[in-house]
Every structure is written in structure tokens, then in C-alpha cells.
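Sequences listed follow chains S and X, in order. Under our numbering, residues 13 to 700 are what the first sequence spells out, in order. Under our numbering, residues 267 to 339 are what the second sequence spells out, in order.
It should be emphasised that the hints constitute simulated quantities derived from the structure, not laboratory data. Any given hint might turn out to be false.
In silico SDA-like pairs for lysine to any residue, Cα to Cα no more than 20 angstroms straight-line [said to hold, decoys possible]:
1. K229/S to L304/X
2. K229/S to E321/X
3. K623/S to Q644/S
4. K229/S to D309/X
5. K229/S to A314/X
6. K71/S to Q644/S
7. K229/S to R329/X
8. K368/S to H306/X
A quick note: this is a predicted structure, and the numbers were derived from the prediction, not measured.
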Amino acid sequence: MNKLTSMLVWAFVALLGAAAFGSLALGRGESVNSVWLVTAALCVYFIAYRFYGRFIADKVLKLDDSRPTPAIRHADGMDYVPTNRWVLYGHHFAAIAGAGPLVGPVLAAQMGYLPGTLWILAGVVVAGAVQDFIVLFISVRRDGKSLGQMIKMELGPLAGSLALVGVLAIMIIILAVLALVVVKALTQSPWGVFTIAATIPIALLMGVYMRVLRPGKIAEASAIGVILLLLSLYFGRAVADDPAWGPLFTMTGPQLAWALIIYGAVAASLPVWLMLAPRDYLSTFLKIGTVVALAIGIYVVAPPLAMPRTTLFIDGSGPVFAGKLFPFLFITIACGAVSGFHSLISSGTTPKMVEKESHTRFIGFGGMLAESFVAVIALTAACVLDPGVYFAMNAPAAVIGTTAANAAQVISQWGFTITPEMINQTAVDIGEKSVLSRAGGAPTLAVGMAQILAQAVGGKALEAFWYHFAILFEALFILTAVDAGTRAGRFMIQDMLGNAYKPLGNTEYLPANVLATALCVSAWGYFLYQGVVDPLGGINTLWQLFGVGNQMLAGIALLLCTSVLVKMKRERYVWVTLVPTAWLLITTLTAGVQKIFSSDPKIGFLALAQKFSAAAADGRVLAPAKSIAEMQRVVFNNYLDAAVCSLFVLLVVAMCAFALKICMQALRQAQPTAIEIPPHAQVHGVAT
Amino acid sequence: MSGEAPTRAAPGSWRSRLQAIRQGGRQMFGIPDFDRYLAHMRDRHPGAAVLSEREFHAMAIDRRYGAARPRCC
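Bound conformation, chain S alone (with noise of 0.2 angstroms):
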């Protein structure tokens, strides 16, 4: 492009940030449209990808295209393809895009729009594009390596091992929390039950279609499935409705958190090719297409922004989860603005399809700037609710009680205006009996869609069924994440058994699947139904847990980065993963360090302990516990959940360690030390 063009352009793109930020930030009193929010953060990923990405690309990795990449070098044309950029920036997205950028922007809502919009904006392009973009680069020049291998390589055997627990453990907890959001999302719904039952069959039908009858055909399999999905839902609300029917499909919390580890026991059991893969590319297809169709909801209604820019809970007083913005809010929002999770995708098939090193700014960087897009317009979807019904969603039932008129009583004395009416009428329009206490992200997030997408197609009459649609496609990726994460677990667990007794480690061993797999079952099974009987909700526990250990796996992939970079002889730049490293650590440790030891009780996991553990040797209950014996269990569940919290505290401060030891080695030597594939390596293959 013209150069002149060039700068015109860019200069009009960030006039228009600016003013949109300005709407967002100075608007006095009036309530601000949510198009100026989606714009600003078009408009800062814009920006952030042209300047900072290509400061990145050319300045500090140095992108060199004559090296071959792992594509190019072991290409078999099946695992290891050179990839045109666009196709695989398809892939990468579809793989790291999950549940989690749906619900920490929807619980950090409760603080406001502008606090969660400028932290998921400001962290995307300071830690979380940084990350996924540099730990792509340093894979694809290491074959491909995952990430425990290059920590393992660069940090040594006992960091390599170290980190390999923590993933373990963030996958655990993961795993319970995304089953405990589908849980919240489908009690007393017979709806939704039906609807999310039979994707198992349409799944299974799909998986024989491209297994047994026509093998790699997935457009006509998924058009089959996006067809029988489509007619469950159409059918789901007469089997709710009907009286022998809609009793069967109609579960408590306890019971649907028994189906759902039966179904993790059962899924992570079968042949990948039966149920897992027609589900993702089901869950893939659906993903897409909703967040696209959510995008263009926002622009073509443009509904203005209900919930202020920030509410009196940032003192650390909320509902939906206890503790002040800094640090909570931090570890809340996680995957939306830096999350861990995608070091371990970024080192995983994508860098093996990496056709050229230029490809990865657009690959890693611009992969995690569209992830951010969608904790954006969840959060969006989330604030264009009344505040009373975000409020009537969210909140425990031990906060506001289990009726509506309890419930819009609690939450006008917070100062968001609510009638019983307006809550009972909310359920009824998305063919629902009950809203209250479904927290959890998911059933917020489907209400805030159904309203704005029964706006630009179908007016109140479709609402219902918009809700249920929304609702069928986060429990699609969420329980196809069950199912792959169990399958993840198991062979974690049998990875780390098998260093004790050889047999155990054997994958092809049925005894030792077996093993594996109710191991990792049980373990997620367990925090999972604490998380559904809670009376306190679960996910305000849950949820921290799993952001502080998604966050500090994302400080231990950008200390593997900053390690590489002073071994790459690159410390001038070190800036670049060191300042959102230190942020990092800063946020988690703090959060961590008070999740367990704040003598609040409604923060600190210690402090609950002792209050319950005192008062059940004094013979009395407190509530929301109802007898001694559920006092004893939340006295253990918190022990344990400090237990899980000091896990990933200790592994963080141990990984600074390593970290710090190979940096000053490195900055000793002359030459770089980094261990990479030479840039003129044979290409393979091309001899034999």
C-alpha cells in the first residue's frame, strides 16, 4: 500500500478508537451504545496487531523465512503440512477458543463494563497475544515441541516435571469447573436436557457416517448433524411440555452432576472417532457461526449498555464472586485477555502446520487477538441485561434467596432496580420456570444473546428459542472439552504412574486405562458435586481456583519465553515478555496468597475453614450449612481447596527460580545458548 494511504488509514483507525473509548469512558449519566464498545476493541486489536505484532515479528523473534519449519522439514502429509495462513489461523482459533472467554467476562461484569473491557483489551495486547505468539515461534523452531518438552529443554528435567503437575492439576479443576457451568446451565430444564441429550446420538450417527459409510466426508456429516441438532431444539419444548416426558428429562443439580461424570467416564472410554470427533467439528461449526452471528446482532440493534460502567462492587463486596478488583478481577477474566491454557495449543498441532516463521504473528498473535473479540462481545451480551436480572442470575441463593420477589427485594437494596415481575417474566420469555442463582456464565450469556439476537430475527416469539440455542452451544463445546480433557488427564496420569510401575505407563493396557481414567475422573467428579451442593455456588470458588491456575501456567509459558529471549542473546527486548510476566506473577501471587491466607472468610479458603471448624467443636451450625455433618465437609473442601491454591503458588515461585538461574547463565555467555533447530537443517524425506 501507498505509503501516504498507509497512514491515513491508520490514523483514522485510531481516531475512531479514540473516540469510541472516549463514549465509553467520559459519557456522563446517559447509558453508552455497545457499538462504541465492540468498536474500540476492533479498533485496538487493529492497531495492536499492525505496531505491536510487527515490532514483535521483526525486532525481537526476527522471523526468518529461509528456515524451514517443521511443516516444511518433516512433511508426511498428514501431521506435518505446510498450511496456507488463513486456513490455519481457522485452526488454531477453533482450538483455542472454548468456554472460558464466555464466562469470566460475564461474573466479572458484576464490577462493570469498563473495568473488565479495559483489562480484557489491555491484556490481550501486553500478555496474552505476546504469549501465544511467541511460545508458536519458539515451537515451530523446536520441531513442533509441546510445551512441557521446551521447558524441559531450556529450564531443565526438574522444571520440565514441575510443570507437567501444574497442567495436570489446572486440567482437573478446569474440568469440574466447565461441568459445574453446564450443571447450573440445565437444572430443572428439561429444555435444554433434551436438547443437549440428543446430541449423543446425532454424535454417535455422525461418527459411523464418517467412519463406516463415507469416510472424511465432514461437510455432509456436520449438515446432517446441524439438521437433527436444530430439530431437537425445535422438539425440545414439546417434550418439556408434555407431562410424561418433561418429568424424565427434568434434574436436580446432584443428579446431573452424576449423569455428567458418566458420561466423562463413559466418552473419554469410547474410540475417539464414535463421539469425540463429530462433536467438535459439530461444537466447531456451531462456535463459529454463533460468535460471527452475535457480532453482527450487535451492530445491526445496537442495544445501549444497561449495567454502569462500574458498580459499587469493585470494594470487593459482590454477589457473584468475593474480593476487590485488584487482584480478583485479574484472575477472573482470564482467557479472554491471557490464559494458559493456549501455550499448551500454540505448542501443540498448530506449529507443526506452520508453513512460513512470518506466518506465526498472524497465526499466534492475530489467533488470540479474535479470542479476545469474543470475551468482548460476552461481556457485551452480559451488559446489555438489566442489571437487576444480571444481578437475579448471578447472586448465590444464599444471597438472595430462592424466590423472586425475596430476590428483587435484596437486589433493589443494592440499588438495581427489580420487580418480582420483570424476573418471573425474564424466565417465562425464554421458556424457562426459574432464573435465579444460574450462575455460571453460561445461562447469562444465552439470556443477554437471546435478547439481542430475537431483536434482529424473530422478534419475543423466537426468544425462547434463541435461549436454548445459546445454551446448546456452550454445552456442545463444553462437554466435547470434558470428553478431550479426560481423555488429556489419563494420559497424564498414566504418564506420571508409569515412572512408579512400569505397566501402569502402558496406554495400550486395559487395567491401567481403566485406572487412569476413574483417577481422573473422580478427581474433577469430586470438585464438581462440592461445586453443586455448595449453598455458597460453587463457581465463586471454583472459578478463582481455576483462574489462578490458568494465569500462573500463562506465567510459566512467558518465563519459557523470557528465558529463550536472553538465550537467543535478545535481552534488549526481554521488556516484551518480562513486563506481562511480572504482571502475572504480581496478580496470581497476590490473589493466591489471600485466597488462602485473608482472614475475610469470604475470601480467604483458611478463614472458612477455622470459622466452621470452631463453631461445629461449639455444636452450632451456621448456615447456609444444615447440619454438623455439612459444616465437617466445607471445613475439608476449603483445607483442600488452600491445598490446590499453595500447589500452584509453589510451582509459580519454583518456576521463577529456574527461570532466574538459566537467565543469569545465559547473560554470562557471549554466544546464544538457545537450543533450536539449526537455520539450514536438512529437510527430511526429500533423500529417502
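Got chain S; can you put chain X on it based on the hints?
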């Protein structure tokens, strides 16, 4: 059907564009392209045994989902 040379459309034609779109779409979902695999085997390993389309897709799915492949949040 195994081992036949894939039919390749002339570059720039509508058919080749359609093929590229289909290939891209499949790759986005993590399904490797069978024709590409055949071409690879013909160029790099002439004479070696080649998987049938059915075997190829079965193996691709097992490889993609079978290993410890962590999923994102």
C-alpha cells in the same frame, strides 16, 4: 481406490479453486487432505505402500484425538 494418482485440476480453473476451498475447510477442522497425502507419497516415496482413503481418514482421526491433546478452556 488406493494408490491411484489423484486427479489434479488445471491451476487457475474453477475446479482447482473449489478443490482448494474444500481442502482449506477440511484442514481448518483438522482433517488432512487425502489427495495431498497421495501427492506427497508419489513425490517423496514413490513405490511405497499407500493407505486407502478409509484407512487414511481413520488414522488421521485417531492421531489427532488419540494422544494427550489438551483442550482449551
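Hints, one by one, checked against the model:
1. K229/S to L304/X: Measuring from Cα to Cα gives roughly 17 angstroms; hence the hint holds.
2. K229/S to E321/X: Cα-Cα ~14 angstroms, so holds.
3. K623/S to Q644/S: Measuring from Cα to Cα gives roughly 11 angstroms; hence the hint holds.
4. K229/S to D309/X: Between K229/S and D309/X the Cα gap is close to 25 angstroms, so the pair fails against 20 angstroms, i.e. violated.
5. K229/S to A314/X: Roughly 26 angstroms between the alpha carbons, so the hint for K229/S and A314/X is violated.
6. K71/S to Q644/S: At roughly 57 angstroms apart (the allowed maximum being 20 angstroms), Q644/S and K71/S break the hint.
7. K229/S to R329/X: holds, 18 angstroms
8. K368/S to H306/X: holds, 19 angstroms
This entry does not satisfy hints 4, 5 and 6, going by the numbered hints stated previously.
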